Amino acid sequence: MIKFITTISDKLHKTFGTKKMLRPFYALFDAVDTFILTPSTTTTRGCHIRDAVDMKRIMITVMAALLPALLFGLWNIGYQHFISLSQDAGFWKEFWYGFLKWLPMVLITYISGLTVEIIFAQRRGHQVAEGFFVTGMIIPMIMPPDIPLWILALATIFAVVFAKEAFGGTGYNFMNPALVARAFIFFAYPSKISGDSVWIAEKADAFSGATPLANAAAGNFDSLPSITDMVIGNIPGCIGETSKIAILLGAILLIYTQVASWRIIISTIAGGIAAGLCFNISGISAIPAYQHILMGGFLFGAVFMATDPVTSPHTKNGKLIYGFLIGVIAIIIRVLNKGYPEGMMLAILLMNVFTPLIDYISIQLNIRNRQHIRILKNEKLQQ
Amino acid sequence: MQSEIYKIKKGIQLNLIGEAQKAVKLMPATPCAINPPDFRWLVPKLIVDEGDCVKVGTPLFCNKNDESIRIVSPVSGTVCKIVRGEKRKLEHIVITSDGKSTCEDITIKEDNREDIIETLLVSGLWTFILQRPFAAIANPADMPKAVFVSCFDSAPLAPDYSFILKDKAKEFAKGIEIISKLTIGKTFLCLKADSDNSIFEDIATVEKCYFSGPHPSGNIGTQIHTIAPLGKGEVIWYANPQDIATIGNLFLNGKLDFSKTIAVCGESIENPCYLKLINGASLSPTLTKTTKGYKLNNTDEPTFDTVIKDTYTRIISGNILTGKAITDECFLRYYDNQVTLIPEGGKRELFGWLMPGINKWSLSHTYLSWLFKHKKYSLDTSLHGGRRSMVVSDVYEKVFPFSILPIELLKACEIKDIELMEELGIYEVVEEDFATCELVCPSKTECQQIIYEGLSLLRK
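These protein sequence lines are chains A and D, in that order.
Residues 891 to 1273, numbered by our numbering, are exactly what the first sequence covers, in order.
Residues 2 to 461, numbered by our numbering, are exactly what the second sequence covers, in order.
Isolated chain D, as found in the complex:
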């Protein structure tokens, strides 16, 4: 089949210190947690109680509005606590592992689309099938106009999927075969141009598209926008390559296995590398405090100081643009394939606005640092300024590879004008697509939050 190369010109290639070494460490069994807030706009209905014994695949809670969508336990063991936050909102369901990984019995059927959907729903793997618009769990009743899989991540310090999946080529191929049956349209495999794609290229039945250029060229939103822009009422389904391998594993080997490999990276980790763990695992037992930040322990010596409250290092589940800070037991979020550790900022500087700023990263040329284009930066969490009203005009356009007008869409979201939001293309974006705009905004606008609120308004 023919393949096309799409050049994404707008965006940011941010070089940071702390890329993960290409070596995989195995993580010892730690408590795992499923966090209901990770599932966007899903109203959880709890099925288990504290103290219940669960197997891999035992449903923990389901979607209150569609009870066929169930979120299952990734490990076998005991539900040790259910943590609730404000207004009794479910925060974590923590499960201690018994180390046996016994599975629920699942009948695997793959004869037609309905059978596949049912198998995925029962096994809990349906949660890996997401939809645009909204980036929420797909509605099994919809028919997507296409299925997308982005086989690379262009975010800063992102994991390399061709490395992670190098031993799972068969499972991945099977997974692609399965999910391509979910649509009557085409299935697109989006690959990074000019890199090693040997695992992905063997799959013959799908369309392959090559993308080059800076972040967000690897974001599913950018790719969908480039190939098949979404209009009102249209749906596209997508999934992460690792999750597709998990689906493939179930259909190929009959195994329900929620383990995944993530990149642990960033400036504040002494030995950045890949880590194989169970989805939702607590990271705190594997981290030891050092002068630089943290260090990953050797496999068999977990520390017992399992609560992390640190004002000098920020541990982020996900990448630095869209991830979320995690503390205490540091549970990996459900859809994340990366954990980034960076130093907390907030150091005050004398006349910072006047200094040449050779070590400061900025897209604009107002600091001298732009003279050193390929420098690797050490960046902390400082906001670098105060929040102001939107004054910028063309900064966003340089980093936003959509034909959507970013400022107009943000303003439409702020004034809650649903009709204008729809016309300006709100269905094509989610928060992560605006992350680069938020990063460079001199007014320090919280673009992602504004878009999220806009989407929530539509979701109601």
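With the rest of the complex left out, here is chain A:
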């Protein structure tokens, strides 16, 4: 079986490599080829053996971590829809409804994003980087279920071109592309991604579809869902963000496989709680600090978006500071700016911009520390 596919692949490699007409599609062919079969390349210089992990494996791990939140989100779309219509449709019907809502979204995201990626890879003569597989999965998950598809496509293309490829592609971007896509819609088409009417798919007009955050921002503390509901996630919201249990399952997988940094996840949550407590003590906000973590996209952002290794600092201490500030800023925006009930997106984007500064400070500290240690050890040497 493998032999058969390998021979076909070898033949196609030759065809794509030599025929002029097909050459523009080589990046696409190579992406599909290495997707099906592991590449046949061997080491040439330096280390003769290599770790079995590659970007594909890391990305597939992140996708696996996203899966619980996604599956729950799909069911929740249907569940919220039928509740707003005061119907009880049963689990499978709800799930199927959500799936049909999500499928065109994810297809549009991948098609528009990957087209841009492949064009850039082909022009640069690179292989197609795997980064977009995760970005394309995350983008629909941080959208309301009723987002118009053309806006989604536009936002995806904008994010890939201006947040990623303009800077050189995966590994060189300084802002998380998925969040840029969301920010694009947030500022260009605010009515499609904020307010009370967008979070439930095809909602009946009479039904209030406000998210817990919106209720909290408006001071309607009575209409907040119970803590249990917020943890389980059967509340209105973006597709992926509602179930905290599902997100935590993903977080456990990411930390266990060492794909995401636990420092960022923990420090973001710590920052959020710290800022929440400060607001509690000073009497500015009555929402208990822990509820902030359970509301909106805080946890989803902390686990899946803040931990993006490209746009977060490189050093251990830098990661702690970065995460903590994300948590703090997110809560500040939530509490102090009534216009933006969800502060997570802007907090992460802001800290993405500050990442080079954090790295710069870490480098300078490292240089100073090392000089200091060297002088100490040299003195010891002369004794």
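Note that these hints are calculated values from the structure, not bench results.
Treat the hints loosely; a few may be bogus.
[Unchecked claim] Heads up, simulated EDC-like pairs for lysine to aspartate or glutamate below, C-alpha to C-alpha not over 16 angstroms straight-line:
| id | chain 1 | residue 1 | chain 2 | residue 2 |
| --- | --- | --- | --- | --- |
| 1 | A | K1270 | D | E5 |
| 2 | D | K46 | D | E92 |
| 3 | A | K1267 | D | E208 |
Just so we're clear, the structure is a prediction, and the values are computed from it rather than from any experiment.
Starting from the known structure of chain A, arrange chain D on it as the hints suggest.
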């Protein structure tokens, strides 16, 4: 004298199949080659011609920039060919042995530092004294702030020096005495904690430091960084324990003898063991092809099929992290104490990125293999993925026991920012220190090459 134990926590202990058995085979006389590219950044100026008769110790070529540094013939015989590569770059100087090992006359003086240096330079043994930064042959005009000797190698399947040197304790002690006179500072003997160090421990005049932990705890770079970090303008000299025994042999017995014992190991050798040979010897006559890869012949039956071109096995002079693939006549590289044979990879796998991967080695926990920590692995040369831009953030830090920021230093080298490279500690590292980073990098970055290019930039 007091001794300290340093625990190296970051690194990789990689268990591979094919460790060398503790038995030494003698190798028959084969052609030897000195390969000028083994001497980093040295511009060779050829002294001999094809057809010249040479003795042990006859200079073959010297450093164009400092002609007192000479590289001498390890055997007596005839220079049979001088192989040049691209742009007429000298590749090998091949010498056929006459089996007599007649030596050049060398006057041995060891009264003071200058005499020792002169004796070493004339005998060609100076090439064994290396320096950090750059891991190049030491400059005799420098004064090192310390001398280091790492008495163990922590690389995968590395040779055990206390086994190799068990009959050479006196020579080793003499060698240490000689090279400790080369510095006004201290001489450090870096030993492996919790192992048999009886040969090394008797030497009283030097500082002994014990190191424990995974590779690269045995690398000289790690040890220098832990004990005496290098700054700009500082120099530390170091040498391999076997080469120190060779130096000791000259000063103790007046013999110039370039033989050494290497470990022949790896999955693709049927009978991994130690092999005693002349430095630079051609290995191909002692290897016979088998189904598993190769087999070491018995001492007195060399094969005559002496050119190896094999697409299924990779023969590496050195270890799998830093060594270099050798083909054709398989000449041992000058500074290597190990030859590793591993299978070539490149087999394509269906949906490899999706499989559980119980037999795949990975530092990350993305494959299930991490559940079996003490398993011995059979690893081939597959790259396991495509090259990508650097995406990782904390993988390097887990395997890099320096207080240097690895990613920042690599990026500084890539953008050729010399000032930043110096500040970030380029003088403390050479390629081999980044080998563990390169091994685990999910983006398949060629860290060692980047560092080499950075160092070359500074060397100019």
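Hinted pair K1267(A) and E208(D), Cα distance within 16 angstroms = holds (15 angstroms)
Holds or violated: K1270(A) to E5(D), with C-alpha atoms at most 16 angstroms apart | At roughly 13 angstroms apart (the allowed maximum being 16 angstroms), E5(D) and K1270(A) satisfy the hint.
Does the alpha-carbon distance linking K46(D) and E92(D) stay inside the 16 angstroms limit?
-> Holds, at roughly 13 angstroms.
Hint compliance for this structure: every hint is met.
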